[in-house]
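Trainee: Model the placement of chain X on the given structure of chain L, informed by the hints.
Number of protein chains: 2
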Amino acid sequence: MADSGKKRLVEAITPMDEDFAKWYTDIVKKAELIDYSSVRGCMYIRPYGYAIWENIQRILDGMFKETGHENVYLPMLIPESLLNKEKEHVEGFAPEVAWVTMGGSEKLEERLCVRPTSETLFCELYSHIIHSYRDLPKLYNQWCSVVRWEKTTRPFLRTLEFLWQEGHTMHETAEEAKEETERMLNIYAEFCEKYLAIPVIKGRKTDKEKFAGAEATYSIEALMHDGKALQSGTSHYFGDGFARAFGIQFTGRDNTLQYPYQTSWGVTTRLIGAIIMVHGDDSGLVLPPKIAPTQLIIIPVAAHKPGVVDKAKELEARLKKEFRVKADYSDNSPGWKYAEYEMKGVPLRLEIGPRDIENNRCILVRRDNREKIEVSLDELEAKVRETLDDVQQSLFDKAKERRDNMTYTCTDLNTFIETAQNKPGFIKAMWCGDVECENKLKELAGVTSRNIPFEQEHLSDTCVCCGKPAKHMVYWGKAY
Amino acid sequence: MADSGKKRLVEAITPMDEDFAKWYTDIVKKAELIDYSSVRGCMYIRPYGYAIWENIQRILDGMFKETGHENVYLPMLIPESLLNKEKEHVEGFAPEVAWVTMGGSEKLEERLCVRPTSETLFCELYSHIIHSYRDLPKLYNQWCSVVRWEKTTRPFLRTLEFLWQEGHTMHETAEEAKEETERMLNIYAEFCEKYLAIPVIKGRKTDKEKFAGAEATYSIEALMHDGKALQSGTSHYFGDGFARAFGIQFTGRDNTLQYPYQTSWGVTTRLIGAIIMVHGDDSGLVLPPKIAPTQLIIIPVAAHKPGVVDKAKELEARLKKEFRVKADYSDNSPGWKYAEYEMKGVPLRLEIGPRDIENNRCILVRRDNREKIEVSLDELEAKVRETLDDVQQSLFDKAKERRDNMTYTCTDLNTFIETAQNKPGFIKAMWCGDVECENKLKELAGVTSRNIPFEQEHLSDTCVCCGKPAKHMVYWGKAY
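Order-wise, the sequence lines are chains L and X. Reading the first sequence from the start, the letters are residues 22 to 501 in the numbering used here. Reading the second sequence from the start, the letters are residues 22 to 501 in the numbering used here.
FYI, nobody ran anything at the bench for these hints, they're computed from the structure. Check the hints yourself; a few may be wrong.
[Claimed, not checked] Result set (PhoX-like, lysine-lysine): computed pairs, CA atoms no more than 25 Å apart in a straight line:
id, chain 1, residue 1, chain 2, residue 2
1, X, LYS128, L, LYS342
2, X, LYS86, L, LYS347
3, L, LYS172, X, LYS128
4, X, LYS86, L, LYS128
[Said to hold, decoys possible] Stretch by stretch, here's where chain X covers chain L in the computed footprint (C-beta under 8 Å, at least three residues):
id, segment
5, 58-64
6, 113-121
7, 132-144
8, 162-175
9, 339-345
Just so you know, these numbers come straight off a predicted model, no measurement behind them. The beta-carbon is built from N, C-alpha and C at its ideal position, and this holds for glycine as well.
Bound conformation, chain L alone (with noise of 0.2 Å):
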């Protein structure tokens, strides 16, 4: 019986190594993480997916309050005129937006755009609140949805509609409104690293890779299963662009009329489709403890015998007092159930039976290792947070291993190509900064570049592509 269930969940799932987009689609289906729904490109996120959703938001927002940062709600709709007030920006991104044209039977005289972010909006309201320089800085964020018209989308990956929190600041000087840039893109880099265990390289994105507006973008870049790199977060530097645009000014400390310094920064439910890339395996889901929904299922093993039950929902109320913690009391058979929630990730599974209670002991089963640890009933709370604490740092170490591993140094270009080629993961190399030589890359190799790490390392004197001297190290890579 257990045998029976636990095989019909598991081969429903396409083995990683045989059709790695198909793994992952799976996955998000059968985990209960979402449901496909008939608006194109759109989805159902669905109890199980959201409530990872609502434990990023919760912890994220807990760092933005503690550096200084407000939440506010900002129109979902954009007039047209006011996209178009910053030329780079709505070059960039008019192609890929909805437009609403009619409202009720009504056209409208003038379109509005489906927010695809909200720069031109916070503009508008720092234009109303911004007088002195004792109005700055305004550290705003928003948490809500956002549209972009794909072509193209994948669950988590790109949709058309994705929920994602936006910060937008203004500061009084431009040194601030970097420093701010870099503080959030390390709020996001100790996010991954320490609540998703998925490590990150930080570094500056090209001015080919930046966003539409800005002067510098950064991002955090996470590389997944499949040795394709995933941009996990982004913090951008406006210098006063914006700012001219939309007529923001203040009265600075030394009475004369100056234009203030603006940051933006953003994740998304990306976030979600980076955990299941760095961690899942061919049983299912692996969920970091941190950021688990439930991070202990509690299972009773022949729960039909007397005091088993009783027993088990003893131990849950005792867990539930630190943990996240859910049990299955339905009469599905102990190895169908097991087989559900290693689909679901759940980090810790406890099995407790007829034999454990007699012996005051219980089973723990780790989901990343499937190790299985005897633990008398005395010790339980401690045993279960030491094994969280492990599971959440296995899962890291074995994710940085495993990128390292997966990351190649090439020095001339037709190593880059080969490897390009024929090892996925990321490929450091040497850059003269010329936006042909990234073309050229993208051409003969198919990777476009990642980033400039922060972390620079001196691999050799000239550009892969060109042979000029080199200015920068680059990660390259293909991506999501």
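Mentor: Quick look at chain X alone, frame taken from chain L:
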């Protein structure tokens, strides 16, 4: 100095009795709850306004989860064909939706509306995931914004886009669905009374006033300072109408295919409008402590004198352990600060100056009745706790007393019309159940039925309008 600062702010509000609508918009602007945007009918919710919404969300979300509900996220765009599936529903909403007709530069084959509410999407999702009675109940909720193309708008009360939560549940039996409808109405009523200090009337809407597509709509109705009613939350019972339209079927306990029974329920940012119009006064906002972003503001007096700021910071650190506290160390005068935090409705002000420090005391000033309380620093926490509780209760009592004083009983048509025209407030009167009488009372007296309260009273035997036998007692009034 103090007085001139105070005047500057206070003079800026239109007194409530002079022009209630202007008083309201003055407060939302000057308490920095919102700012107007160039998007017609939409507003910018500023940090102070959004913090109130965050408190509402946090508390309600906790109440929803305690009663077994889970959060999800569904698309903001609904294909026209999906909206059209339930006839009454589309007739109710189609005239007031915003239509997306272009994606990028491409005209869409099928236009999409920005969700005005999400029954249709929830039904599509439920049709995919409900197969057996074991899958029921499904108790989902969503926090999001919706768009309704309103002609005239007012901040928080009626805007093109507004924030809300929408619960959508599916049940095995009609009985269970009806219980859910009532359970959620009770949660809304409890929330309004306990947290917002707003007394409400629970009851059923007449057929004329019910939600498009519902079998029954229940509401909670509150009375504003100007005697107008505000529908503050609704809960709908749908029967199996949508389930039939969307083909949602499950295998029942008896192995037959059945249609599930549905509810939906929601509250919106309107609640912030209710807080303003129930508790506010001519000095600005008055916030109930349980919902106030800042429960206590510390203002050092003669802050340049040695030791004052240090002492204020010491008290701030002490009080922050238990309360939502801020302190204002800016160089504005105390009087200016008093006016500012009165405008923002902070429930308690703590003043501390050199003489207070000498005497190991401080002064607490209540926002609601301006009472000054001298408090020994040794019992500060206890006194703050007690005073906040008392403010919370006083606000509710005062609002209830006012509502009761503004509620009139009418048993004949002439008195009804005269009362409606001259006495702002609720009218209780008997009704025969015919929509013709509802229409006539609207025409003659300018009021609509608010709801048929659960707590019925027998005021007379006959309908106040037509004199035929009465079926129900109804609350009538002018409404926002």
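Trainee: Verify the proposed pairing of LYS86 (chain X) with LYS347 (chain L), using a straight-line Cα cut of 25 Å.
Mentor: Roughly 14 Å separates the two Cα atoms, so the pair holds.
Trainee: Counting residues of the segment 339-345 of chain L with a beta carbon closer than 8 Å to any beta carbon of chain X, are there 3 or more?
Mentor: violated (count 0)
Trainee: Within 25 Å, alpha carbon to alpha carbon, are LYS172 (chain L) and LYS128 (chain X)?
Mentor: Since the Cα atoms of LYS172 (chain L) and LYS128 (chain X) sit roughly 14 Å apart, the hinted pair holds (cutoff 25 Å).
Trainee: Compare the distance between the alpha carbons of LYS128 (chain X) and LYS342 (chain L) with 25 Å, and conclude whether the hinted pair is satisfied.
Mentor: violated (55 Å)
Trainee: Are there three or more residues in the segment 132-144 of chain L whose C-beta lies closer than 8 Å to some C-beta of chain X?
Mentor: With 4 residues closer than 8 Å to chain X, the segment 132-144 of chain L meets the three-residue bar; holds.
Trainee: Starting from LYS86 (chain X), check that the Cα of LYS128 (chain L) is at most 25 Å away, please.
Mentor: Status violated; Cα separation ~42 Å.
Trainee: Between the segment 113-121 of chain L and chain X, are there enough contacts, at least three residues with CB-CB distance under 8 Å, for the coverage claim to hold?
Mentor: Coverage by chain X holds for the segment 113-121 of chain L (7 residues, Cβ < 8 Å).
Trainee: Three residues minimum, CB to CB under 8 Å: does the segment 58-64 of chain L make the cut for coverage by chain X? Let me know.
Mentor: holds (count 5)
Trainee: Establish whether the coverage given for the segment 162-175 of chain L by chain X is satisfied; the threshold is a Cβ-Cβ distance below 8 Å, and no fewer than three residues must meet it.
Mentor: holds (count 4)
The structure does not agree with the numbered hints 1, 4, 9 stated previously, though it agrees with the rest.
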